[in-house]
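There are 2 protein chains.
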Amino acid sequence: MTYCVAVRVESGLVMASDSRTNAGVDHVATFRKMATFSASDRLLVLLSAGNLATTQSVLSLLQQRLHSQHENLNNVSSMYDAACLIGHTLREVTERDQSREGREAGVDFSCSFLLGGQIAGDTHRLYNIYPQGNFIEATDDTPYLQIGESKYGKPILDRVIEHHTELMEAAKCVLVSFDSTIRSNLSVGLPVDLMIHVSGRLQPALQYRFAEGDPYLVKLREAWSQGLRQLFSSIPDLPWGL
Amino acid sequence: MTYCVAVRVESGLVMASDSRTNAGVDHVATFRKMATFSASDRLLVLLSAGNLATTQSVLSLLQQRLHSQHENLNNVSSMYDAACLIGHTLREVTERDQSREGREAGVDFSCSFLLGGQIAGDTHRLYNIYPQGNFIEATDDTPYLQIGESKYGKPILDRVIEHHTELMEAAKCVLVSFDSTIRSNLSVGLPVDLMIHVSGRLQPALQYRFAEGDPYLVKLREAWSQGLRQLFSSIPDLPWGL
Numbered sequence: 005m006t007y008c009v010a011v012r013v014e015s016g017l018v019m020a021s022d023s024r025t026n027a028g029v030d031h032v033a034t035f036r037k038m039a040t041f042s043a044s045d046r047l048l049v050l051l052s053a054g055n056l057a058t059t060q061s062v063l064s065l066l067q068q069r070l071h072s073q074h075e076n077l078n079n080v081s082s083m084y085d086a087a088c089l090i091g092h093t094l095r096e097v098t099e100r101d102q103s104r105e106g107r108e109a110g111v112d113f114s115c116s117f118l119l120g121g122q123i124a125g126d127t128h129r130l131y132n133i134y135p136q137g138n139f140i141e142a143t144d145d146t147p148y149l150q151i152g153e154s155k156y157g158k159p160i161l162d163r164v165i166e167h168h169t170e171l172m173e174a175a176k177c178v179l180v181s182f183d184s185t186i187r188s189n190l191s192v193g194l195p196v197d198l199m200i201h202v203s204g205r206l207q208p209a210l211q212y213r214f215a216e217g218d219p220y221l222v223k224l225r226e227a228w229s230q231g232l233r234q235l236f237s238s239i240p241d242l243p244w245g246l
Numbered sequence: 005m006t007y008c009v010a011v012r013v014e015s016g017l018v019m020a021s022d023s024r025t026n027a028g029v030d031h032v033a034t035f036r037k038m039a040t041f042s043a044s045d046r047l048l049v050l051l052s053a054g055n056l057a058t059t060q061s062v063l064s065l066l067q068q069r070l071h072s073q074h075e076n077l078n079n080v081s082s083m084y085d086a087a088c089l090i091g092h093t094l095r096e097v098t099e100r101d102q103s104r105e106g107r108e109a110g111v112d113f114s115c116s117f118l119l120g121g122q123i124a125g126d127t128h129r130l131y132n133i134y135p136q137g138n139f140i141e142a143t144d145d146t147p148y149l150q151i152g153e154s155k156y157g158k159p160i161l162d163r164v165i166e167h168h169t170e171l172m173e174a175a176k177c178v179l180v181s182f183d184s185t186i187r188s189n190l191s192v193g194l195p196v197d198l199m200i201h202v203s204g205r206l207q208p209a210l211q212y213r214f215a216e217g218d219p220y221l222v223k224l225r226e227a228w229s230q231g232l233r234q235l236f237s238s239i240p241d242l243p244w245g246l
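Residue numbers (my numbering), protein chains in the order written: chain S, 5 to 246; chain A, 5 to 246.
Since the hints were derived computationally from the structure, they do not count as laboratory data.
Small disclaimer: the values here were computed from a predicted structure and weren't measured.
A few of these clues could be false.
Copies of the same chain look alike in the list, so a pair counts if it works inside one copy or between any two.
[Stated by the list, open to error] Below 20 Å or equal to it, Euclidean Cα-Cα: the simulated SDA-like pairs (lysine to any residue) are:
1) K223 x R100
2) K223 x I239
3) K223 x E99
4) K223 x W244
5) K223 x R213
6) K223 x C88
7) K223 x E108
8) K223 x A109
9) K223 x S191
10) K223 x P243
11) K223 x R233
12) K223 x L235
13) K223 x T34
14) K223 x S15
15) K223 x N78
16) K223 x Q234
17) K223 x P240
18) K223 x G245
19) K223 x L242
20) K223 x D241
21) K223 x S42
22) K223 x H168
23) K223 x L194
24) K223 x V32
25) K223 x P135
26) K223 x H71
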């Protein structure tokens with residue numbers, strides 16, 4: 005599995021992905037699930053979940069076509085068109101690769117993407133591109149999107165993230181959300197790649213990989229874990245004896 | 005959906021279930037998912053998740069057969085045999101009810117149960133009975149079991165529950181686990197039924213229904229929510245500026 009989350013607040017974007025892939029439990033590997041496409045007038049970041057062969061093929065085609073005459077991520081004129089193009093490429097790959105034999109063997113060829121970024125002249129935007137190639141956009145009311153193993157880490161996002169949340173606070177919340185997920189699900193693992201985009205700047209304001217033993221992450225996880233246990237002890241006990 | 009959790013610690017059992025059922029989003033209803041079978045020498049509590057027609061049929065058959073000559077929940081000699089009998093009854097109902105038409109229409113006839121309790125002469129035990137009728141038992145290493153919408157509420161259980169956790173602390177943790185689930189998933193809702201069994205007593209030590217507006221639950225949810233936000237603010241910020 006995978007866990008990716010992206011937050012779109014007023015002042016920019018926070019995007020993060022884990023890097024564990026597995027086919028069964030005895031074929032576990034590390035792959036970066038964050039891909040960045042940048043040019044002078046644009047910054048596009050993709051997070052991917054699902055079948056690794058499919059996501060890699062989609063990214064390779066998007067990359068390979070960057071300098072073609074046709075529509076590509078370097079020349080699309082809006083984030084909306086970028087989402088369309090990625091959805092289209094995703095359909096192209098799944099149609100090519102998913103055979104009847106594969107489906108009958110229970111192989112799931114599907115994948116999904118979170119696309120965040122900004123193209124000069126427009127604001128920063130965030131999309132969730134479904135396995136079918138269609139997509140939704142994050143709004144002020146729903147400022148975060150997740151793909152992959154999303155449930156363990158959702159409660160803290162629900163409590164903290166709002167449209168006016170500050171970027172660094174959103175980033176901290178995203179890391180706590182990863183901590184809960186990694187603790188509860190073996191198929192999500194470090195390193196975690198984090199990207200922060202400040203609206204208006206067309207280069208990432210921060211790009212960082214949190215590996216096992218990262219001093220800040222260790223501090224965060226300890227403080228959160230210890231704090232949670234303290235908080236749990238401090239909240240009112242049930243009003244009955246046994 | 006549904007959320008049920010059961011904890012088996014050294015001193016007894018804590019079991020809890022929500023009471024929302026839904027078929028789609030426009031057919032939402034309230035059903036108790038906790039059923040108690042007790043006699044002078046035994047206490048058996050069942051929590052159920054899945055197809056409501058199936059769970060109700062299984063429970064009706066178990067109830068109806070209580071005074072039959074054959075094996076039933078009043079005369080089985082161990083919790084293990086009770087789990088076998090429930091698994092057997094579950095298979096009987098799904099085999100009877102699941103038609104090809106139903107499967108083709110995408111109806112999921114399956115359900116699962118958590119069975120906790122104690123029969124005189126043995127210790128308290130806890131089982132997860134799968135839709136296929138087979139089952140696993142909770143052990144000292146894995147002291148809690150969940151069925152239904154289990155992921156949102158798992159992180160806090162993972163952090164708090166151990167074999168030596170006290171019963172009332174386990175009960176508080178279970179309620180926090182429900183709070184996270186109810187906040188993040190519309191298909192899980194109040195009232196929550198809670199049962200506490202103290203090992204050796206063959207009557208529930210506590211049975212209580214937490215409805216909307218319950219004073220303790222309101223206090224707990226507020227304290228937890230406010231405490232989480234405070235804790236979140238207090239843990240170290242990322243060590244970089246933007």
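Hint check results:
Taking CA atoms no more than 20 Å apart as the test, K223 paired with R100 passes in neither setting, with 46 Å inside one copy and 56 Å between copies. With identical chains, the CA atoms of K223 and I239 are at most 20 Å apart between copies only, with a shortest distance of 9 Å across copies and 24 Å within one. Taking CA atoms no more than 20 Å apart as the test, K223 paired with E99 passes in neither setting, with 46 Å inside one copy and 53 Å between copies. For a Cα distance limit of 20 Å, the shortest separation of K223 from W244 across copies, 15 Å, qualifies, whereas the shortest one inside one copy, 37 Å, does not.
In the homo-oligomer, the alpha carbons of K223 and R213 lie at most 20 Å apart inside one protomer (16 Å), although the nearest pairing across protomers, at 40 Å, exceeds that limit. Proximity of K223 and C88 under a CA criterion of 20 Å is satisfied in neither setting, with 41 Å inside one chain copy and 47 Å between copies. Taking the closest pair of Cα atoms, K223 and E108 never come within 20 Å of each other, the shortest separation being 47 Å inside a single copy and 52 Å across copies. Proximity of K223 to A109 under the C-alpha cut-off of 20 Å is found in neither arrangement, the shortest distances being 44 Å within a copy and 51 Å between copies.
With identical chains, the CA atoms of K223 and S191 are never at most 20 Å apart, being 23 Å at best within one copy and 36 Å at best between copies. In this homomeric assembly, K223 and P243 come within 20 Å of each other (Cα to Cα) only across copies, at 11 Å, whereas the closest approach inside a single copy is 35 Å. In this homomeric assembly, K223 and R233 come within 20 Å of each other (Cα to Cα) both inside a single copy, at 15 Å, and across copies, at 18 Å. In this assembly of identical chains, the alpha carbons of K223 and L235 lie at most 20 Å apart whether taken from the same copy (18 Å) or from different copies (14 Å).
Proximity of K223 and T34 under a CA criterion of 20 Å is satisfied in neither setting, with 24 Å inside one chain copy and 44 Å between copies. For a Cα distance limit of 20 Å, the shortest separation of K223 from S15 qualifies neither inside one copy, at 26 Å, nor across copies, at 35 Å. Taking identical chains as interchangeable, the C-alpha atoms of K223 and N78 are never at most 20 Å apart, the minima being 39 Å within one chain and 54 Å between chains. Taking identical chains as interchangeable, the C-alpha atoms of K223 and Q234 lie at most 20 Å apart whether they share a chain (16 Å) or sit on different chains (17 Å).
For the homomeric pair K223 and P240, the shortest alpha-carbon distance between copies (7 Å) is at most 20 Å, but the shortest distance inside one copy (28 Å) is not. With identical chains, the CA atoms of K223 and G245 are at most 20 Å apart between copies only, with a shortest distance of 18 Å across copies and 37 Å within one. Taking the shortest alpha-carbon separations for K223 and L242, only the inter-copy value of 10 Å comes in at or below 20 Å, while the best intra-copy value is 32 Å. Taking the shortest Cα distances, K223 and D241 sit within 20 Å of each other only across copies (10 Å), while inside one copy they are farther apart (29 Å).
Within a single copy, K223 and S42 get their C-alpha atoms no closer than 32 Å, and across copies no closer than 49 Å, so neither meets the 20 Å cut-off. In this homomeric assembly, K223 and H168 never come within 20 Å of each other (Cα to Cα): the closest approach is 26 Å inside a single copy and 27 Å across copies. In this homomeric assembly, K223 and L194 come within 20 Å of each other (Cα to Cα) only inside a single copy, at 15 Å, whereas the closest approach across copies is 36 Å. Taking the closest pair of Cα atoms, K223 and V32 never come within 20 Å of each other, the shortest separation being 27 Å inside a single copy and 44 Å across copies.
In this homomeric assembly, K223 and P135 never come within 20 Å of each other (Cα to Cα): the closest approach is 37 Å inside a single copy and 42 Å across copies. For a Cα distance limit of 20 Å, the shortest separation of K223 from H71 qualifies neither inside one copy, at 44 Å, nor across copies, at 60 Å.
Violated hints, listed in ascending order, are 1, 3, 6, 7, 8, 9, 13, 14, 15, 21, 22, 24, 25, 26; each of the other numbered hints is respected by the structure.
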